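> Residue numbers (the working numbering), protein chains in the order written: chain L, 1 to 231; chain S, 1 to 231.
Honestly, the hints are just simulated from the structure, not real lab data. You may find that some hints are simply not true.
The list treats identical chains as one, so a pair stands whether inside a single copy or across any two.
[Stated by the list, open to error] Here are the simulated lysine to any residue pairs, SDA-like style, with alpha carbons at most 20 Å apart: (1) Lys179 - Thr139; (2) Lys72 - His197; (3) Lys22 - Ala97; (4) Lys67 - Arg186; (5) Lys179 - Ala163; (6) Lys179 - Gly46; (7) Lys22 - Glu202; (8) Lys67 - Tyr140.
Keep in mind the model is a prediction, meaning the values are calculated, not measured.
Number of protein chains: 2
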Amino acid sequence: MTDIAGRPCIICVAITGSLPTKTNNPAVPITVAEQVESTQQAFEAGASIVHAHVRNDDQTPSSDPEKFARLKEGLEKHCPGMIIQFSTGGRSGAGQARGGMLPLRPDMASLSVGSNNFPTRVYENPPDLVDWLAAEMVTYGVKPEVEAFDLSHILKAKAMWDAGQTADRPYVQFVMGVKNAMPADRDVFDYYIRTVHRLFGEDAPWCAAGIGPNQIVLNEWAISSGGHART
Amino acid sequence: MTDIAGRPCIICVAITGSLPTKTNNPAVPITVAEQVESTQQAFEAGASIVHAHVRNDDQTPSSDPEKFARLKEGLEKHCPGMIIQFSTGGRSGAGQARGGMLPLRPDMASLSVGSNNFPTRVYENPPDLVDWLAAEMVTYGVKPEVEAFDLSHILKAKAMWDAGQTADRPYVQFVMGVKNAMPADRDVFDYYIRTVHRLFGEDAPWCAAGIGPNQIVLNEWAISSGGHART
Ligand SMILES: [Zn+2]
Ligand SMILES: [Zn+2]
Ligand SMILES: [Zn+2]
Ligand SMILES: [Zn+2]
C-alpha cells in the first residue's frame, strides 16, 4: 500500500487503547489471546505497526510486564515482522511502573514528553519521569514514538534529541481531538508538519492520531499529507 | 509611547513574580509598601498595566486576599488609572485559594487554561479549577489575561470564549522560555500571532513574556510585531 506520493504508507493499529471496555464495544480485544487474534487480522490487512496496551482480567488498564511479555510472544509468532510498540502512557499505571515492560525490548514504545489537560484531569508526565523513560528506552534499544498532545512536545523532542536523550531522530505522533488538549484543527495540523520538517528534516516521518470521532478525520489528513496513520 | 506602527504600546510591569527573593536580587519588592513604590516608578516611566503577586513576610509566595486588598488600595492611590492585574497562577497557592482575591474586582487577572511542565514539576491547572476561576472572573467583572504556555492554550481560550466562559474576547499572553514548556522560538512566536489573529480577529491584542534571559528577547519580538510587552 502506498500513499499519494508513492511512498509506502505505514498503518499503525491501536488494538485496544487503555479505556474502552466490552460494554462500550463488544469487539474490543481484552485478553492477550484476543489481542493477538485482532492484531493478526490487522496485520494481514496491511497494518505494519501495532500500538498495544494490556488489560487486567476485569478490563481495567494494566502495566503488568508479564502480560506484555505474553503479548509480545504471541505477536512475534502470529505477526512475523510486524513492529511492536508498547504504551508507556499514564492511563495504564503510575510513575516508573509505566516503563516496567521496556526491558522486554519491544521495537518501539510511546513516550509522552510533557504534561497537558485531559477531559477531566491533568495528564501528568513530570520531567524526571520523562527523563527516566527516555533513558530506559536508550538502555534497551527501544525506539520512542513521541506523543505530541501539544506543540511544545515537538520542540521538547528536539531538545531531547540534541541532549542525547533519544538514540535516533524522534518519531512524532500528533494527537488531536482530546478535550482540553489540542483540538483537531487543520491549521495547527499543517503547522505541526512544518515544525517536524523544520526541526528533524524534510524527510522526517510522522504520524497522527485522532481521538473518538476525530480518528477518521486525522487518518484522512495524515494519509493525504504524507504521514502515517493510526487506526 | 507608541510602537513602530504608531499604535499605543502597552507596557505591563510584573513587579515581583512569585519566586525571586531579596537573596536573588536585593531590589525585588516584597512588602506591599515596596510593591506600591516600585509600581509607581514603573507607572511614571510609562507602564500601564501592573501584574502583581503578593508575598508573605518570609518572602514565600502568598495568595492572601487581605494582602491583595492592601496592594490594590495603595496602587489606586499612587498609580491612578493604571490597570491592575492580579496573578491567579499556581505558584502562589493551591486550588481555589488561587482565586480568593477575585472578589476584590481587580481590572484583570491572569488565567492559566491548561497544564504543562515546568523545569522540575508539572504546572497543574485541572479543568474544573480552570472553569471555576473563569466563572469567578465573569462574576466579579475581572478581565482574564490567558497565559499561553503552549499552543493549545490559545485554542482553549477560543473554546472558552465560544462557550461563554469569558465575558470579552480573550487577551492572550505568550509565555516563552520556561524549561520543559515552550522555548523562545521565533517561528512559534510568529505562529502564535497568526493564531491569535485567526481565532480572535486581525485587531486582537496580545502580549508576550520571556522568562529569565529570554525577557529582553521577547520584549523586542513583541514590540516589533505589534504586541504588548511584559517587563
Ligand atoms: Zn503511530
Ligand atoms: Zn495508547
Ligand atoms: Zn501582559
Ligand atoms: Zn505572574
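> Each of the hints needs a verdict: does it hold here or not?
Quick rundown of the hints versus the structure:
1. Lys179 - Thr139: Neither. Shortest intra-copy (34 Å) and inter-copy (25 Å) distances fail the 20 Å Cα cut-off.
2. Lys72 - His197: Answer is neither; intra-copy 33 Å and inter-copy 49 Å both fail.
3. Lys22 - Ala97: neither (25 Å within a copy, 41 Å between copies)
4. Lys67 - Arg186: neither (38 Å within a copy, 46 Å between copies)
5. Lys179 - Ala163: So Lys179 and Ala163 pass the 20 Å test across copies only (14 Å; inside, 32 Å).
6. Lys179 - Gly46: Classified as neither: same-chain Cα gap 31 Å, cross-chain 41 Å, threshold 20 Å.
7. Lys22 - Glu202: neither (42 Å within a copy, 48 Å between copies)
8. Lys67 - Tyr140: Within one copy only: 18 Å inside a chain, 53 Å across chains, cut-off 20 Å.
When each numbered hint is compared with the structure, violations occur for hints 1, 2, 3, 4, 6, 7.
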